[in-house]
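S.K.: Take a look at the letters that make up each chain.
There are 2 protein chains.
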Amino acid sequence: MKFGHFDDKAREYVIETPKTPYPWINYLGKNDFFSIISNTAGGYAFYKDARLRRLTRYRYNNVPLDSNGRYFYITDGSVTWNPAWQPCQTSLDSYECHHGFGYTRFLASKNGLKSDLLFFVPDSYNVEVQMLTLKNDAKESKKISLVSFVEWCLYNAQDDGTNFQRNFSTGEVEIEGSVIYHRTEYRERRNHFAFYSVNSKIDGFDTDRESFLGLYNSLSSPQSVVDGNSKNSIADGWSPIASHRIEVELKPGEEKTYVFLLGYVENPENEKFAPDSENKNLLRTNSASHPINKTRAYEIQNAFSTKEKVLESFDSLKKSWDEILSKFTLQTGDEKIDRMALWNQYQCVVTYNFARSASYFESGIGRGIGFRDTSQDMLGVIHSLPAKRLRERLYDVAATQFEDGSAYHQFQPLTKRGNADIGSNFNDDPLWLILGVGNYIKESGDKDFLNIQVPFDNDEKNTATMYEHLKRSYRYITEHKGPHGLPLIGRADWNDCLNLNCFSKNPNDSFQTCTNKDGKNAESVMIAQMFVFVTPDYVQMCRLMGDEAEAKRAE
Amino acid sequence: MKFGHFDDKAREYVIETPKTPYPWINYLGKNDFFSIISNTAGGYAFYKDARLRRLTRYRYNNVPLDSNGRYFYITDGSVTWNPAWQPCQTSLDSYECHHGFGYTRFLASKNGLKSDLLFFVPDSYNVEVQMLTLKNDAKESKKISLVSFVEWCLYNAQDDGTNFQRNFSTGEVEIEGSVIYHRTEYRERRNHFAFYSVNSKIDGFDTDRESFLGLYNSLSSPQSVVDGNSKNSIADGWSPIASHRIEVELKPGEEKTYVFLLGYVENPENEKFAPDSENKNLLRTNSASHPINKTRAYEIQNAFSTKEKVLESFDSLKKSWDEILSKFTLQTGDEKIDRMALWNQYQCVVTYNFARSASYFESGIGRGIGFRDTSQDMLGVIHSLPAKRLRERLYDVAATQFEDGSAYHQFQPLTKRGNADIGSNFNDDPLWLILGVGNYIKESGDKDFLNIQVPFDNDEKNTATMYEHLKRSYRYITEHKGPHGLPLIGRADWNDCLNLNCFSKNPNDSFQTCTNKDGKNAESVMIAQMFVFVTPDYVQMCRLMGDEAEAKRAE
Chain P
1 MKFGHFDDKA REYVIETPKT PYPWINYLGK NDFFSIISNT AGGYAFYKDA
51 RLRRLTRYRY NNVPLDSNGR YFYITDGSVT WNPAWQPCQT SLDSYECHHG
101 FGYTRFLASK NGLKSDLLFF VPDSYNVEVQ MLTLKNDAKE SKKISLVSFV
151 EWCLYNAQDD GTNFQRNFST GEVEIEGSVI YHRTEYRERR NHFAFYSVNS
201 KIDGFDTDRE SFLGLYNSLS SPQSVVDGNS KNSIADGWSP IASHRIEVEL
251 KPGEEKTYVF LLGYVENPEN EKFAPDSENK NLLRTNSASH PINKTRAYEI
301 QNAFSTKEKV LESFDSLKKS WDEILSKFTL QTGDEKIDRM ALWNQYQCVV
351 TYNFARSASY FESGIGRGIG FRDTSQDMLG VIHSLPAKRL RERLYDVAAT
401 QFEDGSAYHQ FQPLTKRGNA DIGSNFNDDP LWLILGVGNY IKESGDKDFL
451 NIQVPFDNDE KNTATMYEHL KRSYRYITEH KGPHGLPLIG RADWNDCLNL
501 NCFSKNPNDS FQTCTNKDGK NAESVMIAQM FVFVTPDYVQ MCRLMGDEAE
551 AKRAE
Chain H
1 MKFGHFDDKA REYVIETPKT PYPWINYLGK NDFFSIISNT AGGYAFYKDA
51 RLRRLTRYRY NNVPLDSNGR YFYITDGSVT WNPAWQPCQT SLDSYECHHG
101 FGYTRFLASK NGLKSDLLFF VPDSYNVEVQ MLTLKNDAKE SKKISLVSFV
151 EWCLYNAQDD GTNFQRNFST GEVEIEGSVI YHRTEYRERR NHFAFYSVNS
201 KIDGFDTDRE SFLGLYNSLS SPQSVVDGNS KNSIADGWSP IASHRIEVEL
251 KPGEEKTYVF LLGYVENPEN EKFAPDSENK NLLRTNSASH PINKTRAYEI
301 QNAFSTKEKV LESFDSLKKS WDEILSKFTL QTGDEKIDRM ALWNQYQCVV
351 TYNFARSASY FESGIGRGIG FRDTSQDMLG VIHSLPAKRL RERLYDVAAT
401 QFEDGSAYHQ FQPLTKRGNA DIGSNFNDDP LWLILGVGNY IKESGDKDFL
451 NIQVPFDNDE KNTATMYEHL KRSYRYITEH KGPHGLPLIG RADWNDCLNL
501 NCFSKNPNDS FQTCTNKDGK NAESVMIAQM FVFVTPDYVQ MCRLMGDEAE
551 AKRAE
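In the order they appear, the protein sequences are chains P and H. All residue numbers for the first sequence refer to the numbering used here, where the first residue is 1 and numbers rise by one. All residue numbers for the second sequence refer to the numbering used here, where the first residue is 1 and numbers rise by one.
It is possible that part of the hints are untrue.
Since the list gives no way to pick one copy over another, a pair counts as held whenever it fits inside one copy or between any two copies.
Derived SDA-like pairs (lysine to any residue); straight-line CA-CA distance at most 20 Å [what the hints assert, rightly or not]:
1) Lys-505 to Leu-414
2) Lys-139 to His-484
3) Lys-309 to Ala-341
4) Lys-114 to Glu-96
5) Lys-19 to Thr-80
6) Lys-461 to Phe-402
7) Lys-280 to Glu-335
8) Lys-19 to Phe-361
9) Lys-416 to Asp-509
10) Lys-139 to Gly-485
11) Lys-447 to Tyr-360
12) Lys-2 to Tyr-216
13) Lys-110 to Gly-204
14) Lys-114 to Asn-232
15) Lys-256 to Ile-246
16) Lys-319 to Ser-287
17) Lys-309 to Asp-123
18) Lys-272 to Pro-507
Hints are computed from structural coordinates only; laboratory data are not their basis. In this text, all values refer to a predicted model and were calculated from it rather than measured experimentally.
Excised from the complex, chain P in its bound form:
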């Protein structure tokens, strides 16, 4: 079975059918704003943290597969279809999904109407840009209804899917012109909001899911789409969404382009609100009180207000990826090997950026960033990513370390605090910090990094140099040995599934967090090997620091 091909010239993977065996996903964003997007536009967006700051709602393990996403409903005569096939599943005359570096593009056509839909997250702003071009290739003029749809998540993805008693009462929106603002909890504790905009006048909107969908409809037949008119609904609790309606007329050969933006904004505490007089320019949930200060949202909307600006930003994104992926290239004469060298690097950078905290199978709820994981992932990007980014992550990792050299196994990317639920005592963790920092310095020569002050357990009042952190790591291993003189495994080593100290008989225990043995005996050959492996790096860093005594001890 073949579902697509590499376009080496365009540096894209082109999927030729929406019905892949599973959704085939791309990852957008490399700084703070991230999106997951499948080959049918399924997926979701989040800011920094897929658990604590989820922007749109996604339903993992749902039926049908891969719902929901950012959907555009195109009604042309009696047929409604989507440029990315889902959720209507109307069979298309042509379909292609192009997964590129940091962007995904859908080319489709139905009954003489062509769509070109581009998704990307630029480096410069916290926004997912969605640019849709519709072209009439038929011989007659067409009158088309275009309806957009995203469903807001109430920020905390775990809470969003379980605590309905509370969160069905919190949803709030503002609508100003063509921009729908998701301001849930903004009146209270949040200084951030999201918006969904389009650079065009609209002919209707919806912000309440039930109004948009109708009572028992699925996403394949929203009532607003079926009826041919939006309900101009204003969400008040329940499930807020954002949907625009644009009535489009296209002469034969004519094309029109629309820029939709899914944006995220944080305001300083003292700049949260606009004057109440601005309420007269907008529609809003009754209880919403003071209007959001939208200055920063306008900046984003202005930055992408035309097709030209979008293309310029897209071009600069492509260049930034070319830069990242140009550090190491291969021309072997075998296109498959060359291609692998390129795409593997892309995968490594994405893995590093997303830190495995969210994917199509990782719900974004179960874990944050792994201490071990991100340290090892760094080894794959150390030559391609800017030093600043690597330093920041290594700092965040080291800052979750305890004074004794052990560490939280995971931390949340938003708060950067260690995850107390999963806790500590994965005894290979300390060595990964040495390996990560050591390799970073070997690549960058940035030995000053060893001198920066880094907290223990995120306590800014209790800091030590990065070098001291490495010493604590090293010491933790040498001071936690078992009966044969090998390092104790603690809760687990790199092979998390061994869990040598876990003999839980209670099915309600998580394997990973079960520590019902004292851990005085079980040793890890893997940690011992790793200890041997990282020692030369460690010794080298000791010498960089002029700490000959420690270098000697370690040798």
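Given chain P's structure and the hints, the job is docking chain H onto it.
M.R.: This is chain H only, laid out in the frame that chain P set:
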């Protein structure tokens, strides 16, 4: 708008359309096995605990609303329909949903075929009985395909919806004759399993969701139903389901009855497995190793193997409800008031049985049983439920109390252990125990209950009499007073939403678990009033115990 009516004679509420504004739910089971069932057969089953022992999968806040449930697909010629309308939503010639006391019955018809589908959970076994009668009212013979469907939950509902890295690898099944066994993790830590059976030969089955549904199909058009043949799929990880296929032939006027059972079984540790030789009688996931010892499952299957046995059990369930609801009745001449006196009691008993831990809006994940909630809910059922049941719950509640008289605010019904996540310090909690026990004794005269030994914090080695627990409760209030001599509120009083000591500015905090103030000042008038209200009960119990000194102090 009118969606249904009370049938006072049958003691049922009859819903006349599947398209109610929201799913209208009934609650089945009153001992250990519980089900939630909507007027379109949506909902799920669990054993004791909706979080830790969920048997079938349900998707809260889904689109379309209220999926999934236990579904029967009837294909009659070119039309496929469901006796409870969902998920095909095929328009029916007639539809009624009868919510009765502890059961729900669907009467429907389409193109001359009538269905009568009864759901109930008997008192005697851990099983949801589903009895479906099909009758051919047409003048021609009919050949019908009947396909059943439930989707297994992997027991821990929280994990089931988030931890795919692990749980997509764990699903295991056995199929023996017409019985599909859900044996996920049975080989490892679990001594329990579930099954879905029918008392008839089957013409096919499915146990793997993707095989049953097809890649991108929704529940309204499973591939196995569309194709007219089941795939005989054997789940190995991913999403195990249970689906039977029965080809039914009905002559004009003929009817056939099928008994489907959704059962739950626990085996003693040393009786978990049957001899390996029994593997030859069954189909199973490759890795499933030793076959389940099914003796206890056979008992259930045998107890409901015929229509007659089902009707007998159903009759005894109805009698047991009549008994419960006969303790207090009203004949005022106003049917609405009389009806309210009856149905309110039903609601009270259901609230008490389910302990608010699961409903259509309570996901069953966010909380267990509330210390306060269940104590107060008891006041509504104290006259109707057997003393044994009330005693057990009061014991469970008191056993989560700490030595100082405070208590966990919630506990899990399966483990009966306090919920450490939500913690303690809801300062009205201690008084609810006095109110609950006091009222129980006033109603029952069971003063010996004050002498039973009850643990603190579930520690069986640290117990005291129930009376001592009450004294600790009382003392907790009198020893935690604020500047005006009123009881301190702690984290909250009955009005959880006041949270007087909570001034979280961090949107990632839960309001309820935030304790960022020391709580030395904020007092609760409500707790003070409650203190005055419960004191006479307390004094009375002191005197029952001959503790005149304490009675005097309290007076």
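S.K.: Each of the hints needs a verdict: does it hold here or not?
M.R.: Structure-based check of each hint:
1. In this homomeric assembly, Lys-505 and Leu-414 come within 20 Å of each other (Cα to Cα) only across copies, at 15 Å, whereas the closest approach inside a single copy is 35 Å.
2. With identical chains, the CA atoms of Lys-139 and His-484 are never at most 20 Å apart, being 82 Å at best within one copy and 84 Å at best between copies.
3. Within a single copy, Lys-309 and Ala-341 get their C-alpha atoms no closer than 32 Å, and across copies no closer than 68 Å, so neither meets the 20 Å cut-off.
4. Within a single copy, Lys-114 and Glu-96 get their C-alpha atoms as close as 12 Å, which meets the 20 Å cut-off; across copies the closest is 47 Å, which misses it.
5. Within a single copy, Lys-19 and Thr-80 get their C-alpha atoms as close as 19 Å, which meets the 20 Å cut-off; across copies the closest is 25 Å, which misses it.
6. For the identical chains of this complex, Lys-461 and Phe-402 are intra-copy neighbours only, at 13 Å inside a copy versus 35 Å across copies, given an alpha-carbon limit of 20 Å.
7. Taking the shortest alpha-carbon separations for Lys-280 and Glu-335, neither the intra-copy value of 61 Å nor the inter-copy value of 51 Å comes in at or below 20 Å.
8. Taking the shortest Cα distances, Lys-19 and Phe-361 sit within 20 Å of each other inside one copy (18 Å), while across copies they are farther apart (34 Å).
9. When the C-alpha separation of Lys-416 and Asp-509 is checked against a cutoff of 20 Å, the pair qualifies only between copies, where the shortest distance is 15 Å, while the shortest distance within a copy is 26 Å.
10. In this assembly of identical chains, Lys-139 and Gly-485 lie within 20 Å of each other by CA distance neither inside one copy nor across copies; the values are 82 Å within and 85 Å between.
11. Taking the shortest Cα distances, Lys-447 and Tyr-360 never come within 20 Å of each other, neither inside one copy (38 Å) nor across copies (58 Å).
12. Taking CA atoms no more than 20 Å apart as the test, Lys-2 paired with Tyr-216 passes between copies only; the shortest distance there is 18 Å, against 37 Å inside one copy.
13. For a Cα distance limit of 20 Å, the shortest separation of Lys-110 from Gly-204 qualifies neither inside one copy, at 24 Å, nor across copies, at 39 Å.
14. In the homo-oligomer, the alpha carbons of Lys-114 and Asn-232 never lie at most 20 Å apart, since the shortest distance is 28 Å inside one protomer and 42 Å across protomers.
15. For a Cα distance limit of 20 Å, the shortest separation of Lys-256 from Ile-246 inside one copy, 12 Å, qualifies, whereas the shortest one across copies, 54 Å, does not.
16. Proximity of Lys-319 to Ser-287 under the C-alpha cut-off of 20 Å is found in neither arrangement, the shortest distances being 45 Å within a copy and 50 Å between copies.
17. Only within a single protomer do Lys-309 and Asp-123 lie at most 20 Å apart by alpha-carbon distance; the minimum there is 14 Å, versus 68 Å between protomers.
18. In this assembly of identical chains, the alpha carbons of Lys-272 and Pro-507 lie at most 20 Å apart only when taken from different copies (15 Å versus 47 Å within one copy).
Of the numbered hints given earlier, the model fails hints 2, 3, 7, 10, 11, 13, 14 and 16; all others are met.
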